[in-house]
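Q: Dock chain B against chain A, hints included.
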Amino acid sequence: MIREKEQAVVLAQEQLAEGIFSIWIKTRAAKEAVPGQFISVYTEDRSRLLPRPISICEIDGNGQALRMVYRVTGENTGTKQFSRLRAGDRLPVMGPLGNGFPLEKAEGKKAFLMGGGIGVPPILELAKQIRCESRQIIAGYRDKQTFLAESFAESGKLYIATEDGSVGTRGNVLDAVRENKLEADIIYACGPMPMLRAVKDYAGERGMECYISLEERMACGIGACLGCVCKSREADPHSNVKNKRICKDGPVFLASEVEI
Amino acid sequence: MNMTVNIAGVEWKNPVTTASGTFGSGVEFSEYTDLNRLGAVTTKGVANVPWPGNPTPRVAEVYGGMMNAIGLQNPGIELFCKRDIPFLKQYDTRIIVNVCGKSEEDYCETVERLSEEPVDMLEINISCPNVKEGGIAFGQDPQAAERITKVVKKYARQPVIMKLSPNVTDIAEMAKAVEAGGADAVSLINTLTGMKIDIHRKQFVLANQTGGVSGPAIHPIAVRMVYQAAQAVKLPVIGMGGISCAEDAIEFILAGASAVSVGTANFHNPAVTMEIVDGIEEYMKRQGFESIADMRGIVNQS
Chain A
1 MIREKEQAVV LAQEQLAEGI FSIWIKTRAA KEAVPGQFIS VYTEDRSRLL PRPISICEID
61 GNGQALRMVY RVTGENTGTK QFSRLRAGDR LPVMGPLGNG FPLEKAEGKK AFLMGGGIGV
121 PPILELAKQI RCESRQIIAG YRDKQTFLAE SFAESGKLYI ATEDGSVGTR GNVLDAVREN
181 KLEADIIYAC GPMPMLRAVK DYAGERGMEC YISLEERMAC GIGACLGCVC KSREADPHSN
241 VKNKRICKDG PVFLASEVEI
Chain B
1001 MNMTVNIAGV EWKNPVTTAS GTFGSGVEFS EYTDLNRLGA VTTKGVANVP WPGNPTPRVA
1061 EVYGGMMNAI GLQNPGIELF CKRDIPFLKQ YDTRIIVNVC GKSEEDYCET VERLSEEPVD
1121 MLEINISCPN VKEGGIAFGQ DPQAAERITK VVKKYARQPV IMKLSPNVTD IAEMAKAVEA
1181 GGADAVSLIN TLTGMKIDIH RKQFVLANQT GGVSGPAIHP IAVRMVYQAA QAVKLPVIGM
1241 GGISCAEDAI EFILAGASAV SVGTANFHNP AVTMEIVDGI EEYMKRQGFE SIADMRGIVN
1301 QS
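Just so you know, the protein sequences line up as chains A and B, in that order.
The end of the first sequence is residue 260 by the numbering used here, with every number in the run present.
The end of the second sequence is residue 1302 by the numbering used here, with every number in the run present.
The following block holds chain A by itself, in its conformation from the complex (with noise of 0.2 Å):
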C-alpha cells in the first residue's frame, strides 16, 4: 500500500492563547490515527520545505477530523502561515506519523497523564481514550493561559501548575503531584525536555512505568534521515548504535529506554 501526503481541509481553527491556536482538519489521517501520534504539516512553499511535526489533540468519533493544538514560533514561520489558515483552506499533511501512547498498558492501574506547554495538548486524547482504574491529569503551564484545560473536565480529574503560581500549584506538574499527595503505578507524559528529565526520575526512583514522548527537530518525519535521534540505553536494533529515531521509533518511549 502505497502511502502519501495529502491535502487536508481546514475545518476551524481558532486561537487559545498567545501564540497557540487550535485547528480541525478533515483528513484521511483521521481513520488510523491514536494518541500520541503526530502529523507532519507542510506550507505549499518550496522555501519552507521541512515538515511541522505536530502532535494529534483530538480525534473525531468518525475518524474523519483530526485537531492540532501548536504553538506559532515566531513571525515569518510555517506555524505563523498555518496559523492565518480559515476554514475551507488547503493544509498539505501527512500521517499519522510514529507510535503512540501504550493504552493497554495502563488497564487495572491509577494513570498520571501528565502534559507541559506545548505538551498538554496530545495528553487530552489519551485521557479521553484510556482505560483504567483511575486518572488524574495534570497540566503545567508557564502562567494563567491554561489553554485545553477546560477541555480536560469530561475525561477526569485535572490538576494544574504554573511556573509563576497564577492558577493551581506553583512550579511544575511534580510540585502539584506533591501537594495534592496524589499517587499513581504508571505515568504518560509528553512536555519539554526539563519537565520529562524531573518525571523519569521520578518514575525511576519509584520503580514506576513511564511513557514518554520526545520531541526534536526532524526532517523526514519517517524514519530515514537520522535527523531526530534520542540516546537510548541500549543498542537499537535498526540503527545499530545507541540512538533511536523519534520520528520512527518514537516519539513515545518507555522512559527508562531512553537517555535524555
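Treat the hints with care, since some could be wrong.
Footprint (simulated), chain B over chain A, 3 or more residues, beta carbon under 8 Å [unchecked claim]:
1) 3-11
2) 40-52
3) 206-220
4) 223-233
5) 239-249
Lysine to any residue pairs mimicking SDA-like chemistry, simulated, CA-CA at most 20 Å apart [claimed, not checked]:
6) A:K31 with B:E1031
7) B:K1196 with A:T77
8) B:K1196 with A:E75
9) A:K5 with B:G1279
10) A:K5 with B:M1274
11) A:K80 with B:G1064
12) A:K110 with A:R131
13) A:K242 with B:P1052
14) B:K1102 with A:V241
15) B:K1234 with B:A1172
16) B:K1082 with A:E75
17) A:K5 with B:R1083
18) A:K242 with B:M1195
If you anchor each label on the Cβ, the simulated ranges turn out as follows [unchecked claim]:
19) A:E205 with B:E1116: 49 to 55 Å
20) B:G1076 with A:K181: 49 to 55 Å
21) A:E259 with B:K1150: 30 to 36 Å
22) B:E1104 with A:K110: 55 to 61 Å
23) B:N1006 with A:G204: 56 to 62 Å
24) B:E1281 with A:D201: 54 to 60 Å
25) B:N1006 with A:A12: 15 to 21 Å
It should be emphasised that the hints constitute simulated quantities derived from the structure, not laboratory data.
Backbone N, C-alpha and C define an ideal beta-carbon position, used for all residues, glycine too.
A: Leaving out everything else, chain B in the frame of chain A:
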C-alpha cells in the same frame, strides 16, 4: 523515446536516483515511493563499523532549504549487507552504495566487503562536511582525492563514483584529480558548509555548530559546478543539489549531467522522485528528444 542512461557501463532505466543520506536504504520511503520507478537508489553512507553520528539538534530549516549535521550515523557494513541490500534486491532498480570512512583503510575495508555483494555501483563520499575525518579530508585536496580514488579502485569490483564537495576553490581541478585516479564517474555537489544561529537562545542551532546546506537555495551553485565538472572530464557526471522538480533536474542534464540525484526534496514530498521521472519524460516528448544523451550538455549549443 527512451529514458535509459548508461553510467560507467551500468544501465539505469531512467536518470533519476536518490541523494545519499536523504533516503536511508529506501525501506521507509518505499511506503511512499515505488522504488521500481527509480533509475537507482543511492543509499545513506555506510562505514566498516557502526557510527553513532553527531549530537542533536542535527537538522534545521533555512530559507530555501535546510542544514544537516547528522555525522554519518550508520549501522556498519555487516548489518547493512545482511538487511539493507536484500531489501533493495526485491526491486527492479540499480543499487548504489555510498561508502564513508575516516581513513584509507576504512574505505578499503568497506569497499572490499561490498565486492562480494550484489550491488551495482559504489559512491565514495569524500565530501561530508560534518565529520572531521569523515571524508572531507580527502575531498578538498586534489592530490588526496586522486590518491584515495586509486586506493579504492584497487579493492572495488563495481564501478566507482567519486562524490565531490562544493567547498573547494576549483571544482574542475577536483574532478580531474579523481579522473586521474581512475574514477568511473563523479557525482556532485555534496552540501555547502553553513551556519545558523538562534538569536533568542544566542546559540548555534546545530549541535555541530556548522552543517551542510541543501535544498532549492543551492541549485544554481550546483548547476554551475556540474557544468564546470562536465566540461573538465570525460567521465559521466551525476548532478545533484537542490533539485525539487523535473525542471531543476533537466537543468543539470542540459549542463552536462548523465543522471541526477534528488535529496532534500524527498522531505517535502516523499513521492517527488517519481514525479521528476514523469516530468523529464514529458519534457522529452514536448521537446522531441529521443534519448537522455540527446539532451545532455547541449546548453548554448544551438
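Q: Let me make sure I understand: some of the numbered hints might not hold for this structure. Which ones are they, in numerical order?
A: 16, 17, 18, 21, 25
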